[in-house]
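Assemble the whole structure, with the sequences as input and the hints as a guide.
Number of protein chains: 2
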Amino acid sequence: MTGFVEETTNLLSRTPALLRTLLIGLPEGWTDTPDTADGWRPRDVVGHLITGEQTDWMVRTRRILEHGTSRPFDRFERFAMLERDAGVPLDELVDRFAQLREANMVALRDLVTDADLDRRGLHPSLGEVTLRELLATWAVHDLDHIGQIYAGLAGSHEADVGPWKAYLGILVRREDPSAVAG
Amino acid sequence: MTGFVEETTNLLSRTPALLRTLLIGLPEGWTDTPDTADGWRPRDVVGHLITGEQTDWMVRTRRILEHGTSRPFDRFERFAMLERDAGVPLDELVDRFAQLREANMVALRDLVTDADLDRRGLHPSLGEVTLRELLATWAVHDLDHIGQIYAGLAGSHEADVGPWKAYLGILVRREDPSAVAG
Numbered sequence: 262m263t264g265f266v267e268e269t270t271n272l273l274s275r276t277p278a279l280l281r282t283l284l285i286g287l288p289e290g291w292t293d294t295p296d297t298a299d300g301w302r303p304r305d306v307v308g309h310l311i312t313g314e315q316t317d318w319m320v321r322t323r324r325i326l327e328h329g330t331s332r333p334f335d336r337f338e339r340f341a342m343l344e345r346d347a348g349v350p351l352d353e354l355v356d357r358f359a360q361l362r363e364a365n366m367v368a369l370r371d372l373v374t375d376a377d378l379d380r381r382g383l384h385p386s387l388g389e390v391t392l393r394e395l396l397a398t399w400a401v402h403d404l405d406h407i408g409q410i411y412a413g414l415a416g417s418h419e420a421d422v423g424p425w426k427a428y429l430g431i432l433v434r435r436e437d438p439s440a441v442a443g
Numbered sequence: 262m263t264g265f266v267e268e269t270t271n272l273l274s275r276t277p278a279l280l281r282t283l284l285i286g287l288p289e290g291w292t293d294t295p296d297t298a299d300g301w302r303p304r305d306v307v308g309h310l311i312t313g314e315q316t317d318w319m320v321r322t323r324r325i326l327e328h329g330t331s332r333p334f335d336r337f338e339r340f341a342m343l344e345r346d347a348g349v350p351l352d353e354l355v356d357r358f359a360q361l362r363e364a365n366m367v368a369l370r371d372l373v374t375d376a377d378l379d380r381r382g383l384h385p386s387l388g389e390v391t392l393r394e395l396l397a398t399w400a401v402h403d404l405d406h407i408g409q410i411y412a413g414l415a416g417s418h419e420a421d422v423g424p425w426k427a428y429l430g431i432l433v434r435r436e437d438p439s440a441v442a443g
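Residue numbers (our numbering), protein chains in the order written: chain A, 262 to 443; chain B, 262 to 443.
Heads up, some of the hints might be wrong.
In this list, chains with the same sequence are indistinguishable; a pair is considered to hold if it fits within one copy or across any two.
As a list, the in silico SDA-like pairs of lysine to any residue whose alpha-carbon atoms are at most 20 angstroms apart [as the list claims (entries may be wrong)]:
(1) 426 - 441
(2) 426 - 383
(3) 426 - 294
(4) 426 - 391
(5) 426 - 443
(6) 426 - 378
(7) 426 - 438
(8) 426 - 439
(9) 426 - 442
(10) 426 - 298
(11) 426 - 364
(12) 426 - 363
(13) 426 - 387
(14) 426 - 440
Hints are computed from structural coordinates only; laboratory data are not their basis.
Every value quoted in this text rests on a predicted model; they were computed, and no experiment measured them.
The structure is reproduced here in structure tokens:
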């Protein structure tokens, strides 16, 4: 039986290589489309993940370990990347993210063991949460946003698939989230 | 300006390394959950991608080049993997897929140039389609199904994220596809 911290770290540690494999050197014809009409391009998603590494996950982990529920988390700046990363090439954003994530994985393994998972912090909107919930959310947040990258990549070639669009859920859901592919 | 075949091959060629990076050695706690209640686990998705490499994409490409619209495509067996792959470990399925995809990329580059893209074939339900549409669909089909793997991975840890679930679209959409994350 793998421990929870080890299992969660296992997934989180894969994301740098994953984003490199998916995005580095990929032609712009694939990477310049948002996941939905008012959504995020892959570069915006990677920027959002950078913000998480800088200001959210490990900062909140330390807040729980140092202050418990006596001092709430700061709010997550969900759109910080739009101004901060303007003009930075996507490949460079992927490398920035990778360096931050790799450093955070070292810090997490140093700071947290499974014995800490029930320790509590205070989320500004959600109220009391556990360190276990924070770490699971970190991992699922990766999955959620990488899924968003996939939707943007797919959307870039929507016009090229012709009548097959009806069979491709990732395309039909960009316009109607409740649509079921045929 | 990158040509269409080159741009499409660029994405398709990334999928073997991507699935290896994401899935090989990942603890079963992450990989045993389907994307939706009656959906597919990651192993089912990889099996479905294997079927595509064996019987769909390159077979249809050759059908277009050899027969045009005079002989329709065979139907795609969407559930072939459920019986065929029972008992095969996920890591082995990923390797099988990778070998098939790599061989198909060699075959595609040998057989097709951008000058062939307007050649037509006959889909048994959709009617006339072009080779360009077939190749774009191959790539977007990868993206669609890898997105499905992400939803299964996320779903495996749904109970662990606690109140954060409301913010994680990849989780709320597993139950209600039209739900918008808070």
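Okay, the hints, checked on the actual structure:
1. 426 - 441: Answer is within: at 11 angstroms inside a copy they meet the 20 angstroms cutoff, but 23 angstroms across does not.
2. 426 - 383: between (44 angstroms within a copy, 16 angstroms between copies)
3. 426 - 294: The answer is within: 17 angstroms in one copy meets 20 angstroms, while 27 angstroms across copies does not.
4. 426 - 391: between (42 angstroms within a copy, 13 angstroms between copies)
5. 426 - 443: within (9 angstroms within a copy, 29 angstroms between copies)
6. 426 - 378: between (44 angstroms within a copy, 18 angstroms between copies)
7. 426 - 438: both (14 angstroms within a copy, 18 angstroms between copies)
8. 426 - 439: both (15 angstroms within a copy, 19 angstroms between copies)
9. 426 - 442: Answer is within; shortest intra-copy Cα gap is 8 angstroms, inter-copy 25 angstroms.
10. 426 - 298: within (17 angstroms within a copy, 24 angstroms between copies)
11. 426 - 364: neither (41 angstroms within a copy, 26 angstroms between copies)
12. 426 - 363: neither (38 angstroms within a copy, 25 angstroms between copies)
13. 426 - 387: So residue 426 and residue 387 pass the 20 angstroms test across copies only (10 angstroms; inside, 39 angstroms).
14. 426 - 440: within (12 angstroms within a copy, 22 angstroms between copies)
In terms of the numbered hints stated before, the structure departs from hints 11, 12, listed from lowest to highest.
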